[in-house]
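S.K.: Using the sequences and the accompanying hints, generate a full structural model.
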Amino acid sequence: MSHATTAPHETHHDAHYPGGIMRWLTTTNHKDIGSMYLTFALIMFFVGGAMILAVRAELFQPGLQLMQPEFFNQLIGIHALVMIFAALMPAATGFANWQIPLMIGAPDMALPRINNWGFWLLPPAAILLTLPFLLAVFGIGDGALNTGWTMYAPLSVQGGIGVDFAIFSIHILGISSILGSINVIVTIFNLRAPGMTMMKLPIFCWGWLITAFLLIATIPVLAGAVTMLLTDRHFGTHFFNAAGGGDPILFQHLFWFFGHPEVYILLLPVWGLMPHVLATFSRKPMYGYKAQVYSFIAIGLLSVVVWAHHFFTAGLPVPALLYFMYSTMAISLPLAVLFFCWIATMWKGAMSFETPMLFAQGFIIMFGVAGLTGLVLADVAADAQYHHSYFVIAHFHYALFAGGIMGVMTGVYYWLPKWTGYMYDEKLGKLHFWLTVISFNLTFMPQFFLGLAGMPRRIPDYALQFTEFNAISTVGAMILGFSQLIFAWNIWKCARGHANGLAPAEGRAWEGATGLEWELSSPPPHHSWEVQPDLRQPGA
Amino acid sequence: MAQTHAAIETTHPSDHPPGTHYFVPQPSLYPFILSGGMFLLALGFILFMNKFAAGSWIMLAGTGVILTVVVRWFGRIIHESQTGSYREWEDKSFRYGMIWFILSEVAFFAAFFGALFYVRNISVPDLLTMLPRHDFTLYPEYKDLLWPASGGGPKGIAFTPMGAWGIPAINTALLLSSGATITWAHWALLKNNRTQLNLGLFLTIALGVVFLGFQGYEYYHAYTELGLTMGAGVYGATFFMLTGFHGFHVTLGTIMLMVIYGRCLKGHFTANRHFAFEGVAWYWHFVDVVWLGLFIMVYWL
Amino acid sequence: MSLHPTPYAFDEAELARRRSASRRMAWLIGLAAALIYIGGFFLQR
Numbered sequence: 001m002s003h004a005t006t007a008p009h010e011t012h013h014d015a016h017y018p019g020g021i022m023r024w025l026t027t028t029n030h031k032d033i034g035s036m037y038l039t040f041a042l043i044m045f046f047v048g049g050a051m052i053l054a055v056r057a058e059l060f061q062p063g064l065q066l067m068q069p070e071f072f073n074q075l076i077g078i079h080a081l082v083m084i085f086a087a088l089m090p091a092a093t094g095f096a097n098w099q100i101p102l103m104i105g106a107p108d109m110a111l112p113r114i115n116n117w118g119f120w121l122l123p124p125a126a127i128l129l130t131l132p133f134l135l136a137v138f139g140i141g142d143g144a145l146n147t148g149w150t151m152y153a154p155l156s157v158q159g160g161i162g163v164d165f166a167i168f169s170i171h172i173l174g175i176s177s178i179l180g181s182i183n184v185i186v187t188i189f190n191l192r193a194p195g196m197t198m199m200k201l202p203i204f205c206w207g208w209l210i211t212a213f214l215l216i217a218t219i220p221v222l223a224g225a226v227t228m229l230l231t232d233r234h235f236g237t238h239f240f241n242a243a244g245g246g247d248p249i250l251f252q253h254l255f256w257f258f259g260h261p262e263v264y265i266l267l268l269p270v271w272g273l274m275p276h277v278l279a280t281f282s283r284k285p286m287y288g289y290k291a292q293v294y295s296f297i298a299i300g301l302l303s304v305v306v307w308a309h310h311f312f313t314a315g316l317p318v319p320a321l322l323y324f325m326y327s328t329m330a331i332s333l334p335l336a337v338l339f340f341c342w343i344a345t346m347w348k349g350a351m352s353f354e355t356p357m358l359f360a361q362g363f364i365i366m367f368g369v370a371g372l373t374g375l376v377l378a379d380v381a382a383d384a385q386y387h388h389s390y391f392v393i394a395h396f397h398y399a400l401f402a403g404g405i406m407g408v409m410t411g412v413y414y415w416l417p418k419w420t421g422y423m424y425d426e427k428l429g430k431l432h433f434w435l436t437v438i439s440f441n442l443t444f445m446p447q448f449f450l451g452l453a454g455m456p457r458r459i460p461d462y463a464l465q466f467t468e469f470n471a472i473s474t475v476g477a478m479i480l481g482f483s484q485l486i487f488a489w490n491i492w493k494c495a496r497g498h499a500n501g502l503a504p505a506e507g508r509a510w511e512g513a514t515g516l517e518w519e520l521s522s523p524p525p526h527h528s529w530e531v532q533p534d535l536r537q538p539g540a
Numbered sequence: 001m002a003q004t005h006a007a008i009e010t011t012h013p014s015d016h017p018p019g020t021h022y023f024v025p026q027p028s029l030y031p032f033i034l035s036g037g038m039f040l041l042a043l044g045f046i047l048f049m050n051k052f053a054a055g056s057w058i059m060l061a062g063t064g065v066i067l068t069v070v071v072r073w074f075g076r077i078i079h080e081s082q083t084g085s086y087r088e089w090e091d092k093s094f095r096y097g098m099i100w101f102i103l104s105e106v107a108f109f110a111a112f113f114g115a116l117f118y119v120r121n122i123s124v125p126d127l128l129t130m131l132p133r134h135d136f137t138l139y140p141e142y143k144d145l146l147w148p149a150s151g152g153g154p155k156g157i158a159f160t161p162m163g164a165w166g167i168p169a170i171n172t173a174l175l176l177s178s179g180a181t182i183t184w185a186h187w188a189l190l191k192n193n194r195t196q197l198n199l200g201l202f203l204t205i206a207l208g209v210v211f212l213g214f215q216g217y218e219y220y221h222a223y224t225e226l227g228l229t230m231g232a233g234v235y236g237a238t239f240f241m242l243t244g245f246h247g248f249h250v251t252l253g254t255i256m257l258m259v260i261y262g263r264c265l266k267g268h269f270t271a272n273r274h275f276a277f278e279g280v281a282w283y284w285h286f287v288d289v290v291w292l293g294l295f296i297m298v299y300w301l
Numbered sequence: 001m002s003l004h005p006t007p008y009a010f011d012e013a014e015l016a017r018r019r020s021a022s023r024r025m026a027w028l029i030g031l032a033a034a035l036i037y038i039g040g041f042f043l044q045r
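Protein chains in written order, with the UniProt record's numbering: chain A, 1 to 540; chain B, 1 to 301; chain C, 1 to 45.
Check each hint, because a few of them may be wrong.
[Stated by the list, open to error] Beta-carbon label-pair distances, calculated as ranges:
hint: 1; chain 1: B; residue 1: Val259; chain 2: A; residue 2: Arg536; range: 51 to 59 Å
hint: 2; chain 1: A; residue 1: Ala503; chain 2: C; residue 2: Leu28; range: 32 to 40 Å
hint: 3; chain 1: A; residue 1: Gln158; chain 2: C; residue 2: Tyr37; range: 48 to 56 Å
hint: 4; chain 1: A; residue 1: Lys430; chain 2: C; residue 2: Arg17; range: 56 to 64 Å
hint: 5; chain 1: C; residue 1: Leu28; chain 2: A; residue 2: Ala471; range: 31 to 39 Å
hint: 6; chain 1: A; residue 1: Ile140; chain 2: B; residue 2: Val259; range: 34 to 42 Å
hint: 7; chain 1: A; residue 1: Ile297; chain 2: B; residue 2: Ile255; range: 35 to 43 Å
hint: 8; chain 1: B; residue 1: Phe214; chain 2: A; residue 2: Ala50; range: 53 to 61 Å
hint: 9; chain 1: B; residue 1: Gly267; chain 2: A; residue 2: Glu511; range: 54 to 62 Å
hint: 10; chain 1: A; residue 1: Gly454; chain 2: B; residue 2: Leu131; range: 31 to 39 Å
hint: 11; chain 1: A; residue 1: Tyr323; chain 2: B; residue 2: Ala180; range: 36 to 44 Å
hint: 12; chain 1: B; residue 1: Phe248; chain 2: A; residue 2: Ile140; range: 41 to 49 Å
Don't read these hints as lab results, they were simulated from the structure. No experiment lies behind these values; they were computed from the predicted model shown. A virtual CB, placed ideally from N, CA and C, is assigned to each residue, including glycine.
M.R.: Below, the structure is given as structure tokens:
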């Protein structure tokens, strides 16, 4: 089989590519845009992390030491929005940009200028989100969004200018997500190499495809919800005001119709990349490809019909409670299929434990904790006790840090050699893993017990009996936060691999890796697959 | 720009066999500037709503940037299309893209329809039946048990709801006929009958403009004579947000129709290559279908 | 999907050793999980 791909005939138009800052402002190249997404995500990861370290410092002891409750409220809400919308989602989109064209044998993403637009909407949105902090310093407005990231009415209807900033930030972030999703869907449908049928599609692309469907179905609903919030605030409507026939609970329905699928939007790309990593380092084909694809589809479908489990205690009718409880628990079935497929992929494999594999192991175990505690929260009767407690915080950090961010780290370490052309520093990677996994559990395991003991979330001060576990949690959070500097340093070192004397990576950076992306050189040529590989005849 | 043109020529798709050399546009500054314009528009609107004098000026600047970039960007795409950069392969991408964009718009309207169904079936009936169920009521002013029953609340204003069989029925007829005229124009394009194509498009635009005129009159009538405003209880909120966003989409659709009408007059599009025409037609049909939902759910029932 | 086969860095003996090690570890973890599960029945509250 011929593959003239690693010898690109592109020199004739290389001359037209601008250099310096203009390269990044104007690029239509999926790899440049992917790198920008990932870099942006890393920066915002530290911004959101700094906010929550300030929060944890305040919570180190009972009483108010460092900040007023108003500022505390702003920090927790903006931390969540930054981490979800400006760190995790852009990181996943960065993966999509870098990997999907490489994996399906495409020259680039299908709509390259739209792709660039999708990225460049993010910095304005991040500025809108955080600008009110700065404005408040100059005496304009009363600070950032102070309602928590869920922006529940009526609190958000009464809030200050920060709510307006958050609303428009969400609008712009939403447009960016929809543009990214359209691009992913079109690329996967239209730019696959000849012979790559949908059931031969790499599973990472399947994960992202379902993610994109969910984004297109739910982000506009969030946009609608915050638009109603805006008109309630400034244009006299009564969507969320019972005095005019509306209902504050309506906001919760609309918000969580987006908010629950959002969990899977954050996790599906990670579930997609996990089987690749596990198969590579087990030196075995992945187990249950079809079962995993069908599970993704089932989870995608279920995720849009379970939203009310986020507000079981808001006063829903009993039949609704039962329906949402059972449908929520039903998600554990396809999710269990995924867990079994991950484990079966490793079964009897010739395993080795490089950094991506370590992160994958940490992911499976700790994401398992998230799944099991989620089942507890899905139970209506138990939730009456756990709702709005630290138990919930611990649960969703096991889901979104151990499941989401550690999954992203798995992908970053796995694909860094492909992206940069150099092997990252394995020692630093392992150090980063162990510090992360230990300090993560030190931070969040105590919060399960705090929640069970009755400590409510979103408070800057607490009763004395919660002191010890909060102190442990804060110490863990500080270690967790600062050990991420190793991650940033390792990426920086790898990106400048030549100057740092790192070993160059082969095209197939990992000996057990399979898939089209490993057929290209590391880093891949400018137009990844200028001539598509023909997969119609099997063999070489 | 000259450089960019040269590059397009060298990667001219007809030089390459099918399945190779997908059209990847040259680097472009439009997306970055457009994002900046949107930032200014959002920032200006926030400041405007919070009574800062600079707000409306920043909004104006943002709108200017957005309009300039949109015109230039689409101009660029039309140029690329006319100079043969796009083949069936690229065309298919645009079609998929348009379909998923319209589906995201469907989801946006679904949020407002969802709010309408919720207040009609849950919150308003709950408020109305509070007294018999709980021997207590927040708002004794609620008396009427039927939708739209939110007029008498402490924050509501007495109003007359909008009837279905006057202007809204005429508007339904207008939009449905415009769906027919654009299909008639599409048939003409397929048969290469340019006169019928231009006439069909002109009629579609005219019907859209008349629709918008009636809609404007209806709003004027609602505000001045019926007491029906955005603040008129949750009926007014759902009525104006649903019909307002629909009207906004009709406006966009009409502008899009005008653009392709201009292109048709210049002789663009052929019987087998006319994605822009079809994309606009799909969008127009989408707007049409949303209207049918509005007519039934908002005006009629 | 692999277009060219890659030689493994591990030799055949090392691969076999790792395969049996991973199987052994899986049984051990499974046994531990079962013991914790069964132990739960004897926990008195």
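S.K.: With reference to the structure, classify each hint as holding or not holding.
M.R.: So, going through the hints one by one against the coordinates:
1. B:Val259 to A:Arg536: 51 to 59 Å: violated (41 Å)
2. A:Ala503 to C:Leu28: 32 to 40 Å: At 35 Å between Cβs, range holds.
3. A:Gln158 to C:Tyr37: 48 to 56 Å: Check passed, 50 Å falls within 48 to 56 Å.
4. A:Lys430 to C:Arg17: 56 to 64 Å: violated (22 Å)
5. C:Leu28 to A:Ala471: 31 to 39 Å: holds (35 Å)
6. A:Ile140 to B:Val259: 34 to 42 Å: Holds - the Cβ-Cβ distance for A:Ile140 and B:Val259, about 41 Å, lies within 34 to 42 Å.
7. A:Ile297 to B:Ile255: 35 to 43 Å: Taking Cβ atoms as reference, A:Ile297 and B:Ile255 lie about 38 Å apart, which means the hint holds.
8. B:Phe214 to A:Ala50: 53 to 61 Å: holds (55 Å)
9. B:Gly267 to A:Glu511: 54 to 62 Å: Holds: the Cβ-Cβ distance is about 59 Å, inside 54 to 62 Å.
10. A:Gly454 to B:Leu131: 31 to 39 Å: holds (37 Å)
11. A:Tyr323 to B:Ala180: 36 to 44 Å: Holds, since A:Tyr323 and B:Ala180 (Cβ atoms, about 43 Å apart) stay within the stated range.
12. B:Phe248 to A:Ile140: 41 to 49 Å: violated (31 Å)
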